[in-house]
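A.B. asks: Below, each chain spelled out in residue letters.
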Amino acid sequence: MADKTATRQAYGQVLIELGETYQNLIVLDADLSKSTMTADFGKTYPARFFNMGIAEQNLYGAAAGMALSGKIVCASTFAIFATGRAFEIIRNAIGYTKANVKVCATHAGITVGEDGASHQTFEDIALMRTIPGMTVINPSDDFSTRELMRQVCAFEGPAYVRLGRAAVPSVYSGKDEIKLGKGNLLKKGTHGTIIATGIMVNEALEAASELTGQGVDVRVIDMHTIKPLDEDIVIAAAKETGFIVTAEEHSIIGGLGSAVAEVVVKNYPVRMAFVGQNDTYGESGKPDELKIKYKMTAKDIVDAVNKLK
Amino acid sequence: MEIKNLERIAADIRTGVIKAIGAAGSGHPGGSLSAADIVTVLYFHEMNVDPKNPKMKNRDKFVLSKGHAAPLLYAALAKKGFFPKEDILTLRKIDSKFQGHPDSKKLPGVETSTGSLGQGFSMAVGMALAGRVDNNDGRVYALLGDGELQEGLVWEAAMSAGHYGLDNLVAIIDWNGLQIDGKNSDVMTVEPVGDKFKAFGWHVIQIDGHDYKEIIEALARARGFKGKPTAIIAKTHKGKGVSFMEDEAGWHGKAPDQDQTARAVAEIGGEW
Numbered sequence: 001m002a003d004k005t006a007t008r009q010a011y012g013q014v015l016i017e018l019g020e021t022y023q024n025l026i027v028l029d030a031d032l033s034k035s036t037m038t039a040d041f042g043k044t045y046p047a048r049f050f051n052m053g054i055a056e057q058n059l060y061g062a063a064a065g066m067a068l069s070g071k072i073v074c075a076s077t078f079a080i081f082a083t084g085r086a087f088e089i090i091r092n093a094i095g096y097t098k099a100n101v102k103v104c105a106t107h108a109g110i111t112v113g114e115d116g117a118s119h120q121t122f123e124d125i126a127l128m129r130t131i132p133g134m135t136v137i138n139p140s141d142d143f144s145t146r147e148l149m150r151q152v153c154a155f156e157g158p159a160y161v162r163l164g165r166a167a168v169p170s171v172y173s174g175k176d177e178i179k180l181g182k183g184n185l186l187k188k189g190t191h192g193t194i195i196a197t198g199i200m201v202n203e204a205l206e207a208a209s210e211l212t213g214q215g216v217d218v219r220v221i222d223m224h225t226i227k228p229l230d231e232d233i234v235i236a237a238a239k240e241t242g243f244i245v246t247a248e249e250h251s252i253i254g255g256l257g258s259a260v261a262e263v264v265v266k267n268y269p270v271r272m273a274f275v276g277q278n279d280t281y282g283e284s285g286k287p288d289e290l291k292i293k294y295k296m297t298a299k300d301i302v303d304a305v306n307k308l309k
Numbered sequence: 310m311e312i313k314n315l316e317r318i319a320a321d322i323r324t325g326v327i328k329a330i331g332a333a334g335s336g337h338p339g340g341s342l343s344a345a346d347i348v349t350v351l352y353f354h355e356m357n358v359d360p361k362n363p364k365m366k367n368r369d370k371f372v373l374s375k376g377h378a379a380p381l382l383y384a385a386l387a388k389k390g391f392f393p394k395e396d397i398l399t400l401r402k403i404d405s406k407f408q409g410h411p412d413s414k415k416l417p418g419v420e421t422s423t424g425s426l427g428q429g430f431s432m433a434v435g436m437a438l439a440g441r442v443d444n445n446d447g448r449v450y451a452l453l454g455d456g457e458l459q460e461g462l463v464w465e466a467a468m469s470a471g472h473y474g475l476d477n478l479v480a481i482i483d484w485n486g487l488q489i490d491g492k493n494s495d496v497m498t499v500e501p502v503g504d505k506f507k508a509f510g511w512h513v514i515q516i517d518g519h520d521y522k523e524i525i526e527a528l529a530r531a532r533g534f535k536g537k538p539t540a541i542i543a544k545t546h547k548g549k550g551v552s553f554m555e556d557e558a559g560w561h562g563k564a565p566d567q568d569q570t571a572r573a574v575a576e577i578g579g580e581w
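Chains Y and P, in that order, are what the protein sequence lines are.
The first sequence begins at 1 in the working numbering and counts up one residue at a time.
The second sequence begins at 310 in the working numbering and counts up one residue at a time.
Treat the hints with care, as some may be off.
What the hints assert, rightly or not - List of simulated lysine-lysine pairs, DSS-like, C-alpha gap at most 27 Å:
no., chain 1, residue 1, chain 2, residue 2
1, Y, 179, Y, 4
2, Y, 299, Y, 239
3, P, 313, P, 389
4, Y, 188, Y, 175
5, P, 366, P, 389
6, Y, 175, Y, 227
7, P, 507, P, 544
8, Y, 227, P, 415
9, P, 414, Y, 98
10, P, 415, Y, 98
11, Y, 188, Y, 4
12, P, 414, Y, 227
13, P, 537, Y, 98
14, Y, 43, P, 537
15, Y, 98, P, 361
16, Y, 98, P, 364
17, P, 406, Y, 98
18, P, 563, P, 406
19, P, 313, Y, 98
For the record, the hints were derived by calculation from the structure and aren't laboratory data.
Make a model of the complete structure from these sequences and hints.
C.D. replies: Given below as structure tokens:
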């Protein structure tokens, strides 16, 4: 595996490029610009960066107002505060008006680590995908973060981009094609399918190679776009491989697993298992320790596959 | 425009408000009538807007943060020529463009969708900030209710407008003193409103919100004031213009029946 990079770092880098591409790109933050990695954009384009202070409701309300004035707005804070505290502002001021705001939230999931339960969100994908017209993205590595951010800024309308704190291995080589709204087939297989998103994509690949050693040949799909969901790739997986395990650094209630299950049940019901945060809060600890304790590792995916096969 | 003419326009707008809410059988007459004089001055004296070119680049923008006064916004825009006057009588009906709270995607001249209190004001701050980035000389006017000031988001937005010194932004507080459950002072004290805005870095003007001369002068002073946003705290009467609705919290969100509608229309003496 290549070097490790946090998806929030890739976000900070690609913003500089996007600031050049789009002269109407504005970046807003809520006193976390050194953590969300928007600070470099602020240094490069000081006239197009605004710190809104520790006030997430106004962060997204003002973002909506700027977008309705013709701006592309990337507004960042931690995922818990963006999607939790400001949920109704995102729904009414951004979603309902179809404002061109990209809610680019970092520090999602258990790998926030030491900050503990108050800062670890497992509800954000569920919340965001219930908003009509909201595109929901959860990139797995640095390359896909940059590619997807370019595509997210290229269309007009709201989007939620879920980014992580911890450095993660690269999934993509840098030559792969990544298309918003299309799941990426990372490994072919016929005995079952793992559909993963975010940092769990890498865990899914590890799980698949472990399973290959056990004689189980699973398909692996990176579902970086949770909404609109690539229904075709899900239905094909159900028909061709017989069962599906989903893996996400998010609650098993309402996130990727639920989105996939909605498609499977409607079109071609097969057995499923859900790897994710199991309806509980997190706690302080090192990211790797927490992933083990809360059962979001390659091993947990292997166990889920073995129960279904 | 002469004050006499503005008063006549306001009477028409109030008539439209009553007829639309009466036809809908639900809606918010009290807070629509209290702010009718302010909104009349904005659209017919102060603001640079063009119904033939609603997206004109350097236009002034009005944001109805107290979105429940939607009938007032619809009547003012119709009177201004953004859409036919009779259309607003479909208010709140299925498939109508005239939603219970404004939907900017459905109607020209409606700058943004509001209804969830505090959010319009926050969006107005974003519009003013974007206007500054673009060196656009259009100004942004947000109308807030006094009960709305109880929303925490209002003060987040006020803080940011003060911090960035948005002198292209005016907040007008429709201070009628009443909210759904009764007097502001009984439900949740919002006073001293002027001191609060001052503390957040705003230029504050207090006026009688039914006195045209005072409204006109306050808006002119706001335009001339540099370096800070201006808050105009306008003392008003809920239900103004309809004697049986005036200063009655019960008329916050209740529609007049047929008889009451006829009496109110006769009393106002406008045309719609």
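A.B. asks: Provide an ascending list of the numbers of those earlier hints which the structure does not satisfy.
C.D. replies: 13 and 19
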